[in-house]
Amino acid sequence: MTEKSGDLVQGTLDMLILKTVALEPMHGYGISVRIEQMSRGIFKVNAGSLFVAFQRLQRAGLIRSEWKATENNRRAKYYALTNQGRKRLSNETREWGRQVAAIARILEAS
Amino acid sequence: MSLMRDLAGGVRALFQKKLVDKELDEELSGFLEMAAEEKVKQGMSRNDALRAARLEQGSLEVTKAIVHSAGWEFLVETWWQDLRFAARMLRKNPGFTIVAILTLSLGIGATSSVFSAVDRILFRSVPYPQADQLVSFGLTAPIERSEFMLGSNYVDWRRAPGPFQSMTSMIPGVADCDLTEQNPVRLACARVELNFLPTLGVQPIAGRNFSPDEDRPNAPRSAMISYGLWRSRFGGDPGVIAKTISLDGLPATIVGVLPADFEMPTLLPTDILLPEALDEAVQRRSAPGAVLRTFARLNPGITVAQSAAALQPLFAQALQGAPPEFRSEVHLSVRSLRDRQVQDARLASWILFGAVLAVLLIACTNLANLLLARASTRQRELAVRGALGATPARLLRQRLTESLLLGIFGGAGGCLVAYAFLRVFVAIAPQGIPRLGQAGLDWRVIFFTLAISCLSGVVFGLAPALSSPSPEMLCGKEVRSTARNLLREMLVAVQIAISLSLLTGAGLLLRSLSNLQSAPLGLEAQNVLTEMISLGAYRYPAPPQQIEFFDELLARLHRVPGVTAVALSDTLPPSGAMRSTIYSAIEVTGRARPTEGTGGMVGWRAVSPDYFSALGITMLRGREFTHEDQAPSEHSIILSDLLARRLFPSGGAIGKTMRFALAGPWRTVVGIAANVKNNGIAEQAAPELYIPWKNEDNQNFRVAHVILRSPLDPRTISNWLRSETAALDPALPVAIETMPQRVGKLSQRPRFIAALLALFAAMGMLLAAVGIYGVVGFLVAQRTQEIGVRMALGATPLSILKMILGSIARWIAAGAVAGLIASWFASRLLQSLLFQISARDPRPVAAAVAVLLLVAFFSAWIPASRAMRVDPMVALRYE
Chain D
1 MTEKSGDLVQ GTLDMLILKT VALEPMHGYG ISVRIEQMSR GIFKVNAGSL
51 FVAFQRLQRA GLIRSEWKAT ENNRRAKYYA LTNQGRKRLS NETREWGRQV
101 AAIARILEAS
Chain V
1 MSLMRDLAGG VRALFQKKLV DKELDEELSG FLEMAAEEKV KQGMSRNDAL
51 RAARLEQGSL EVTKAIVHSA GWEFLVETWW QDLRFAARML RKNPGFTIVA
101 ILTLSLGIGA TSSVFSAVDR ILFRSVPYPQ ADQLVSFGLT APIERSEFML
151 GSNYVDWRRA PGPFQSMTSM IPGVADCDLT EQNPVRLACA RVELNFLPTL
201 GVQPIAGRNF SPDEDRPNAP RSAMISYGLW RSRFGGDPGV IAKTISLDGL
251 PATIVGVLPA DFEMPTLLPT DILLPEALDE AVQRRSAPGA VLRTFARLNP
301 GITVAQSAAA LQPLFAQALQ GAPPEFRSEV HLSVRSLRDR QVQDARLASW
351 ILFGAVLAVL LIACTNLANL LLARASTRQR ELAVRGALGA TPARLLRQRL
401 TESLLLGIFG GAGGCLVAYA FLRVFVAIAP QGIPRLGQAG LDWRVIFFTL
451 AISCLSGVVF GLAPALSSPS PEMLCGKEVR STARNLLREM LVAVQIAISL
501 SLLTGAGLLL RSLSNLQSAP LGLEAQNVLT EMISLGAYRY PAPPQQIEFF
551 DELLARLHRV PGVTAVALSD TLPPSGAMRS TIYSAIEVTG RARPTEGTGG
601 MVGWRAVSPD YFSALGITML RGREFTHEDQ APSEHSIILS DLLARRLFPS
651 GGAIGKTMRF ALAGPWRTVV GIAANVKNNG IAEQAAPELY IPWKNEDNQN
701 FRVAHVILRS PLDPRTISNW LRSETAALDP ALPVAIETMP QRVGKLSQRP
751 RFIAALLALF AAMGMLLAAV GIYGVVGFLV AQRTQEIGVR MALGATPLSI
801 LKMILGSIAR WIAAGAVAGL IASWFASRLL QSLLFQISAR DPRPVAAAVA
851 VLLLVAFFSA WIPASRAMRV DPMVALRYE
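Chains as they are written, first to last, in the numbering used here: chain D, 1 to 110; chain V, 1 to 879.
Fair warning: there could be bad hints in the mix.
[As the list claims (entries may be wrong)] DEER-style ranges, computed between Cβ atoms:
no., chain 1, residue 1, chain 2, residue 2, range
1, D, Gln99, V, Arg91, 54 to 62 Å
2, D, Glu92, V, Gly95, 39 to 47 Å
3, V, Gly58, D, Glu92, 26 to 34 Å
4, V, Arg54, D, Glu92, 43 to 51 Å
5, D, Glu66, V, Gly58, 52 to 60 Å
6, V, Trp80, D, Ala102, 26 to 34 Å
7, V, Asn47, D, Ala102, 28 to 36 Å
8, D, Glu66, V, Asn47, 42 to 50 Å
Hints listed in this document are in silico derivations from the structure and should not be mistaken for laboratory results.
Just so we're clear, the structure is a prediction, and the values are computed from it rather than from any experiment.
A virtual CB, placed ideally from N, CA and C, is assigned to each residue, including glycine.
With the sequences and hints as input, model every part of the structure.
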């Protein structure tokens with residue numbers, strides 16, 4: 001649990017994972033690659049934090065998992081967003097927007 | 001919802017560990033494979049790619065461990081691990097485990113049982129609503145130490161209750177009354193005022209309280225019955241209300257049923273409440289009037305002391321009317337009902353409570369000592385585990401689990417011990433300790449003592465663990481901590497001090513008990529059998545019938561072979577129950593009555609001829625009563641030596657005439673009897689006079705004692721006695737006891753307290769001995785190497801023994817000194833319980849010190865002698 005993933009805080013990683021699987025169900029590696037790509041290489045998430053987050057999100061009922069074959073014909077666990085997860089994502093996105101805007105205002109004010 | 005899913009996920013991880021592990025394994029290796037594939041695509045060789053991926057993502061096993069330890073189920077799993085490990089550790093050190101659990105069990109058990117018992121006496125409230133407002137109030141005098149009031153005053157006081165919401169009264173005590181229907185039974189009846197139950201705040205569970213019309217003189221009789229009587233006699237039938245029963249041959253209507261938990265404020269078992277029917281006019285006219293027990297409920301916000309102050313004017317007024325000799329001796333008293341009920345049980349309870357807390361303290365220090373010893377032997381183990389990656393928190397949790405496990409076992413053992421102890425208490429407890437019979441194991445108490453012991457375990461077990469193990473531990477050298485040894489030795493000193501005060505107290509009480517049991521009574525109790533007979537008011541309403549019954553019985557008993565003497569009396573020594581008068585009421589012919597003060601009480605009994613020879617009381621002068629003294633025209637009297645010396649300091653009492661009640665006949669002194677303990681065995685004999693057993697005015701013969709002296713086996717005689725009585729009246733309840741049994745009962749309470757204190761002292765000493773044994777044993781083990789070196793350099797075994805014993809002796813001595821001081825204070829508390837021995841008596845203290853030092857020496861000597869036998873070669877290679 002002492003893993004450092006970029007400067008990601010726990011809540012943010014959850015949000016990024018939710019966002020990633022919101023587009024389509026995806027397996028663990030795919031999610032890590034997608035996060036790295038979307039952040040243009042700023043966020044590197046390692047397997048430890050990622051899988052702990054999967055377990056946590058799954059137990060919270062925000063994502064569900066399913067074993068499926070990949071395009072390379074390998075068996076992998078695919079994670080998909082649940083309805084509850086979708087709601088949480090939109091809430092958190094909104095909240096995040098508000099916070100970022102607020103922080104930005106404070107920083108610009110000086 | 002998500003909580004449920006979390007739970008389900010955790011449970012699945014716990015119980016399908018393999019499956020979940022396999023899934024995670026597959027998922028993670030897939031992850032790495034994919035990462036490697038990506039790198040292969042970018043042109044790496046497959047092996048390099050796999051390595052790079054692994055470097056990037058960290059080891060597979062570590063990742064698995066991280067994921068694994070993220071859920072809550074991980075805590076459960078490790079806790080289970082800790083528990084199993086703790087159990088293994090306890091099993092591996094059976095000596096430590098048994099001593100620790102035994103110590104805990106004894107400590108918890110003794111404390112819980114004693115607390116459960118005294119809790120009802122000292123701390124539980126009496127079973128009435130807002131019981132703290134209830135007080136017992138009235139006058140006290142040397143004659144009567146419980147509050148009472150005289151009818152003529154009471155009828156005035158109750159008009160203006162002053163500080164009280166209400167005041168109420170009852171006729172003192174309970175009277176025998178017979179339910180004279182088919183299957184007649186002897187019951188206990190109490191007579192109470194109209195507002196008695198409302199003042200106590202008690203509601204009948206069926207029916208109603210008395211009505212004002214019923215609490216009047218000559219009103220038709222009504223009764224309230226106890227719950228027990230209602231169930232046993234009337235089968236709990238609600239239709240019992242308004243039913244008429246026959247009480248002592250007269251009809252009475254049942255108006256109400258008392259609640260199951262009802263008890264009289266005087267704690268006397270009572271079956272039936274009758275209206276007091278106090279006649280105000282009669283009370284005033286015949287001042288001072290009837291003696292009443294009076295209780296009241298305080299106004300809200302008024303303290304007991306304030307109410308006593310508010311009653312002072314009324315009291316002063318009441319004193320005006322009292323005979324002058326009473327004025328200086330009568331006092332006003334108001335005290336809470338609980339104080340009245342527990343009276344002298346209070347001190348004993350506090351003493352037991354203190355003793356048992358002392359035992360608990362010793363037990364706790366013992367446990368602390370054991371755990372400290374273990375902690376220092378396990379330093380290296382902890383260091384190794386720390387080095388292997390256990391976090392300090394995890395190590396701490398491990399130790400905590402062990403302490404708790406010990407606590408749980410100790411608690412379970414403690415419950416058993418407490419249960420057994422409580423059974424013993426109730427079995428050996430004397431009569432008259434209020435509410436002891438109801439004492440049950442109190443779970444709050446067990447929990448509390450368990451918490452204390454666990455806490456002491458945790459504190460002392462963890463203190464050394466808190467400092468994380470130093471790496472030097474790993475290299476196998478004992479790092480000695482002198483500070484910790486100091487702590488352990490100080491704990492030993494504390495144990496010695498506490499044990500010494502317990503032993504001193506027990507010694508004092510035992511000594512006092514033996515004094516009590518060997519105190520001369522003034523009579524020969526051996527070979528005397530007594531039978532108490534209480535005649536029912538229905539069959540024996542007046543003295544003639546009563547006298548006739550007893551004359552008949554006496555005649556029958558005279559015919560029994562092997563009986564040396566038979567006599568009757570209305571009361572029996574040495575218990576304090578006898579009729580009494582005040583000294584100043586005694587008039588001697590040709591001499592004025594003393595007017596200053598009452599002169600204290602003089603007891604008197606009505607006794608038949610042969611009373612003195614049956615009880616073995618020496619006649620110092622004159623003669624016993626004979627049958628001639630029972631003639632109506634004869635008025636003779638016998639004085640005790642004490643009374644004779646006081647009335648006739650210059651001697652010559654025989655032949656003088658005197659009377660001891662103003663209206664009574666003048667009586668001629670015919671004899672002087674030796675003093676007899678007549679006020680309990682602990683008290684001095686009170687002055688006493690005897691009049692012949694015969695039908696005189698103001699006499700009542702309903703209750704009498706038959707005294708029978710015979711060298712035969714008391715069991716044979718008592719069968720005789722029983723059958724002879726039954727031949728006269730088979731329904732008569734009788735109580736047969738030997739005189740030694742009667743006397744023994746009087747020392748029951750001191751014996752109870754002394755036995756318990758001795759038990760606790762022994763327990764405390766045992767625990768302290770175990771403590772010393774442990775400390776010295778540990779000291780020897782710790783210094784084995786040093787001892788080896790010393791011996792190799794020429795130290796003799798004896799000097800080694802001296803060294804080891806010397807190191808602990810200082811602390812034992814320090815403990816003994818502290819214990820002497822503590823004993824000095826503790827014995828002060830016992831003073832009022834002691835009989836013919838001063839709390840300052842040095843002998844019990846000296847004996848306690850001697851016993852304790854002996855025990856301490858032996859428990860130190862056993863492990864120390866092990867040091868003597870240390871083989872230098874083995875010791876040097878030690879470690």
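Cross-check of the supplied hints:
1. D/Gln99 x V/Arg91: 54 to 62 Å: Since the Cβ atoms of D/Gln99 and V/Arg91 sit about 56 Å apart, the hinted range of 54 to 62 Å holds.
2. D/Glu92 x V/Gly95: 39 to 47 Å: Distance hint for D/Glu92, V/Gly95 is violated at roughly 60 Å.
3. V/Gly58 x D/Glu92: 26 to 34 Å: 28 Å, holds
4. V/Arg54 x D/Glu92: 43 to 51 Å: 33 Å, violated
5. D/Glu66 x V/Gly58: 52 to 60 Å: About 26 Å separates the Cβ atoms of D/Glu66 and V/Gly58, which means 52 to 60 Å is violated.
6. V/Trp80 x D/Ala102: 26 to 34 Å: Taking Cβ atoms as reference, V/Trp80 and D/Ala102 lie about 47 Å apart, which means the hint is violated.
7. V/Asn47 x D/Ala102: 28 to 36 Å: With a Cβ separation near 50 Å, V/Asn47 and D/Ala102 fall outside 28 to 36 Å, so the hint is violated.
8. D/Glu66 x V/Asn47: 42 to 50 Å: 32 Å, violated
In this structure, the hints that do not hold are numbers 2, 4, 5, 6, 7, 8, in rising order.
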